[in-house]
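These are the residues of each chain, in order.
There are 2 protein chains.
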Amino acid sequence: MILNRNNKFQTACIFYMLFFSITIFAQEPADYVNPFIGTSNYGAAFPGPIAPRGMASISPFNVAGVKNTPMEKDSQWLSNPYVNENTFLTGFSQVNLSGVGCPELGVILLMPTTGNVEIDHLKYGSTYSNEVAKAAYYSVNIDKYKVKGEFTASKRVGISRFTFPKGQSNILLNLGLGLTNEEGAMIKVVSPTEIEGMRSVGSFCYNSPEDAYPVYFVAQFSKPADKFGVWKKPTKYNGVEAQWMGYNGKARMMDNTIKTVVGDSIGSYFTYKFDKQETVEVKIGISYVSIENARENLAKEVGNRSFDAIYKETYNEWNEELSKILVEGGTKDDNTIFYTALYHTLIHPNTLNDINGEYPVIKRSKIAKTKDTRYTVFSLWDTYRNVHPLMSLVYPKQQSDMIKSMLDMFDENGWLPKWELNSTETFTMVGDPASIVITDTYLRGIRDYDINKAYYAMLKGADNTENNPLRPGLKDYIKKGYLTTDNKGPVSTTQEYNISDYAISLMANEFGDKDNVKRFKERSLSYRKLFDKNLNLLRPRTANGNWYEPFDPASGANFEENVGFIEGNAWQYNFMVPHDIKGLMKLMGGEKPFSAQLQKIFDIKQFDMANEPDIANPYLFNYVKGEEYKAQDMVKKLVHEYFKNEPKGLPGNDDTGTMSAWLVYSMMGIYPISPGDPIYTITAPMFHRVTIKLDPRYYKKESIVIERQINNGGKINSIELNGKSLNTFFISHDDFVNGTKLKVIQN
Amino acid sequence: MILNRNNKFQTACIFYMLFFSITIFAQEPADYVNPFIGTSNYGAAFPGPIAPRGMASISPFNVAGVKNTPMEKDSQWLSNPYVNENTFLTGFSQVNLSGVGCPELGVILLMPTTGNVEIDHLKYGSTYSNEVAKAAYYSVNIDKYKVKGEFTASKRVGISRFTFPKGQSNILLNLGLGLTNEEGAMIKVVSPTEIEGMRSVGSFCYNSPEDAYPVYFVAQFSKPADKFGVWKKPTKYNGVEAQWMGYNGKARMMDNTIKTVVGDSIGSYFTYKFDKQETVEVKIGISYVSIENARENLAKEVGNRSFDAIYKETYNEWNEELSKILVEGGTKDDNTIFYTALYHTLIHPNTLNDINGEYPVIKRSKIAKTKDTRYTVFSLWDTYRNVHPLMSLVYPKQQSDMIKSMLDMFDENGWLPKWELNSTETFTMVGDPASIVITDTYLRGIRDYDINKAYYAMLKGADNTENNPLRPGLKDYIKKGYLTTDNKGPVSTTQEYNISDYAISLMANEFGDKDNVKRFKERSLSYRKLFDKNLNLLRPRTANGNWYEPFDPASGANFEENVGFIEGNAWQYNFMVPHDIKGLMKLMGGEKPFSAQLQKIFDIKQFDMANEPDIANPYLFNYVKGEEYKAQDMVKKLVHEYFKNEPKGLPGNDDTGTMSAWLVYSMMGIYPISPGDPIYTITAPMFHRVTIKLDPRYYKKESIVIERQINNGGKINSIELNGKSLNTFFISHDDFVNGTKLKVIQN
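Protein chains in written order, with the working numbering: chain A, 205 to 951; chain B, 205 to 951.
Since the hints were derived computationally from the structure, they do not count as laboratory data. There are no misleading hints in this set.
List time: in silico PhoX-like cross-link candidates among lysine-lysine, alpha-carbon distance up to 25 Å:
(1) K437(A) / K570(B)
(2) K809(B) / K841(B)
(3) K567(A) / K437(B)
(4) K567(A) / K431(B)
(5) K567(B) / K477(A)
(6) K454(B) / K437(A)
(7) K570(A) / K437(B)
(8) K440(B) / K437(A)
(9) K567(B) / K437(A)
(10) K567(B) / K440(A)
(11) K570(A) / K427(B)
(12) K567(B) / K431(A)
(13) K573(B) / K431(A)
(14) K718(B) / K786(B)
(15) K536(A) / K841(A)
(16) K570(B) / K427(A)
(17) K573(A) / K431(B)
(18) K427(B) / K567(A)
(19) K440(A) / K440(B)
(20) K427(A) / K567(B)
(21) K454(A) / K440(B)
(22) K570(B) / K477(A)
(23) K440(A) / K454(B)
(24) K570(A) / K431(B)
(25) K504(B) / K573(B)
(26) K477(B) / K567(A)
(27) K570(B) / K431(A)
(28) K454(A) / K437(A)
(29) K437(A) / K437(B)
(30) K454(A) / K437(B)
(31) K454(B) / K567(A)
(32) K570(A) / K477(B)
(33) K718(B) / K664(B)
(34) K454(A) / K567(B)
A quick note: this is a predicted structure, and the numbers were derived from the prediction, not measured.
Next up, chain A with everything else stripped away, as it sits in the complex (with noise of 0.2 Å):
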């Protein structure tokens, strides 16, 4: 609730209470949403509003400055604009990253002040209070200046209203201030209520400067400024002509100027002198193709509607969306930590086409144009684990249009992606994961696309090894089984390269390509060559074929760097091979000692719940029999301990929803066990009922009831699917959603 302890905030005070108390009372899904869920714990969320898949977002920025412990940004590896436990705040930034485990974007800097202009963050900043997020709503008291700040989005424009004391009052727009490493922004006050410009960002984990690229924005005031204008603060010139430059590396303030300013540390002013309690609402528009884009994303989403307006419309969006699944039966932190994590999978991929279709294509050749959506932000490498094949069920119009999007980029780039971000290819991270989301979606049956190009494009990823920017070390693989350690991470890398190719070998068999099929499927099974039948651990190889020595399978824990794994260690990596895990129990001796080396992985807590590679190990229990209890255990210990209704309730970075897509198949009893292949392992739901509302244009059923019937809160005795029992803890996609209702009873 929003507390406002001065009464001169009456008025709004008791408009906003009407207004939720309407919608508290209706408990609707979009108001379970804590935003401030995952602001904590590297969680990497903003707690700012944003639309569904929106460009635009805004977020308080509290990282900049020395007075921000623990996490200052310049003083680390920080990869979000805002940290929960950090007390100063600098601005409010109107594009932003959720969830991703590198600094960038948290540009344009709204800030609002009082008294004489300052432009120093580190002198403007100010501690904040009662603050108040919600779906499409954040709210904050910046204590310094005795100002409230409130704020919303469409999906390419932040609003932010700022309630003003009597006196003079200031908003400052910072270009240079930011999360991104880039520098380099253009701005220019255009009239007394207007502001156009851009902000160079890019850079993204520190990798391919060249491809830094500009955002556009337009900022559009809905009071005219008594005085504006903008500063610089210039680099220091040494030389000889420094001696006749008094100005030299000093900032500098330029008033009622509409001249195009640019450097790497510029910003605007508009200043205020109010006679009473004031408020300005100021609209941006962002672009990533150009100024005009964002003033016309500005003037068609948003034109001259109001705050409230904006806001009721994009929480009314959220609830939709959300409302796809209906749960019954959970406690309240229960349907917040399902429904906040269903809204993180609802962040990335975001829209990139201004409104009127506009997009830059990969590397920035040329503008093109696109009559659905184009999709940005694909962090495949984790989510091809669980959030596309998430998308499929639940939003499939979405995901087809992710899939375009991808085409399109292997139409405008010749590849597909692998870590796209605004049309930047960022190569982070390792394997070939198009592939992968691209046969699990078809094989969910979401299918209106170019799948021969589809196919082309996976072959040419997985066989080409020259030049190949998706698949480093092909060569090798294709000739030995496997990465050798000349690469890095030759094993995970090797591991990666399976999964896709079984991918591949399944699209193969769509295609009634049987000589693909078996060639395919035969490369999936090329990790055993690095299974070491002593240590039960996948372990790599030299170039001349031998195990690497010395070889320490705990080395690679928390993101240390080690050889043979990315981000991961042999005991992470033990059970990521999805595709073949009959064939792993094969290679560890049958069901017995592959249960219990699965058990030893949590037993000395190498275990990691913060990232992807075994993230499934909790439902591969599922795979011999009589030890299904075991992964429903294992999930619901999993999910008490790490997600919580609380800035700390996600295990780690969310990677872009990955880890919030976990939870909501966990809570509904359900984890796409193998990505490509279209079929589900089966856990207890934690909700009495879960309804998920099928989408007419891709599914014949209107919904899909997942119900759980407890008798003695006992281990699962068994599954039906509409009242007919499935004696087993698999089912596939098909026949899930051609059901009408998975029931799950437990002893």
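Given the coordinates of chain A, assemble chain B onto it according to the supplied hints.
Leaving out everything else, chain B in the frame of chain A:
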């Protein structure tokens, strides 16, 4: 003539030979222009093409890099993009100032290269040969690449034509390098034939950095690039994160991108693969308003027309302007230095408005629109002395538009201009010269502007003692009659204010404003309080009224700083009271001591031909009956000593045409001896006949002829106006322009 050793150029060569043959045989005034004059000896002229009063111009840029001795731009105070003695060329700048005393503009550098793209100007720079410079045309061979560059310009568009050999060729557009000390630029490759962007310039004379401003451009290429891209060299980041930034501080190449890039050190490259020798034309439109306007300027002024068509058009424009004065009976060198000087007076003030009439108002608080021409680059401390009187005589419409521009500045800014540069007021130098220029223009009969506003503006500058940016020290001046040594250059400034006040008294007379006639007449004589009878010199007084001690009259020569005077010393300022020469004579004790003192300045070598305070001195002998021959001799001597048909052919800085105007007048045999007061004094013309065509919009007579009759080559015997003896060496502007022939008869 264009010399081509390479027979590959044959076709082009034949064309040019034909073309130039015609113009050479015709010996039109424009054919005499030698743009190399003033490109050495600190003349600060540039040899490249410009249209009369053009906004755009192209100069070879050879002042960067240690290889450039004697004149490297960053090792000293250097105010021109080209120095004739230098040898290392790093491009062709597209906006340039001519004959100014501070480094400014000299940006947007185009450079052709061959082979691999190299973006470091120290590496891609080259020696050059076979320079040809003419009105509206410059060409040069770039040795390192065997590329020929040819250049012409329309008013707002520079056009470059490069003839490349077979192989890989590149055209670089470097936005980092520049003569200005400002940094910051923006660039975007719009298509394989177009680039748009802006460059920050400003801080003229290392002043007013907050007024730095953008120059916008659009560059269009006649052939689409086979490959294009942008580079950026970012500033080096120092921080914890630098450890992950392998690219820290390194230049980045961004191929095939149409994204906007900003930075201090950026540029663009267009690359071609040619099977044979090929030419590429690059047209660069300029605007101080916006990129859109730059594009419109390019489209409407040049469009698809060829280099040759534009060259012909601008050549014709020059010829028409220069033909306003026809000279007969001079040597080729006489004609050359005369027409080149006239050419130099037609460069600044130059056009600021775009072709659609838009221009930025002073300080850029908005964009305004004019139906006339908005002029800029008013170096009024220099130009009030002779440039504007010359414009009133020969180009009265231009002079009228200049007055309108100055009055518009008053409307925009509240003050008349002092040293206006591209809508920034640089406040360089001292005095309040705008009043003199307006009065001078008005009294010469050019009156189609709002003289009431002008008079109001003049009085405001002259009387307002609070926050008056034009007249610092005004309180002292009004109270004591002079500025004290508490102010900068108190004697010089007092003299300047005196001259302005005299002009105001003349204007007050026009208004019948008797009080002000008297008041300002009295004020104009206050310099007398600084006259030290013992020294026969003006001398600074301290705040308590005492002479400043110790006083060395010689201190302050050669721009040395000194107490009392600005850019000069007591000798050089000794006679700078053009409105009260008779009063000064009285102070000195009559004609004899006056003449002796005047002669002494020349004899002890304190006369400075290269700076404004004393440039009227030679003419002052005309005030001494019987010594007028000294003026004749001295002027002749100075013309021959300082003005030559060679790069060193100006006495020093041209001061936006002031030195050149001095020459034009001196060669015609008349000089506007008292700015503001429309009289000329007369010496011996250096041509047999000079015909000045008068503008029928302002003058009754079609033309006025100055004729020389030399009997034995001795001193002037008599001067006749329309056959009637004048009996004086002075003539009013009215009598002059309403006569038909001024005949100067020498013994």
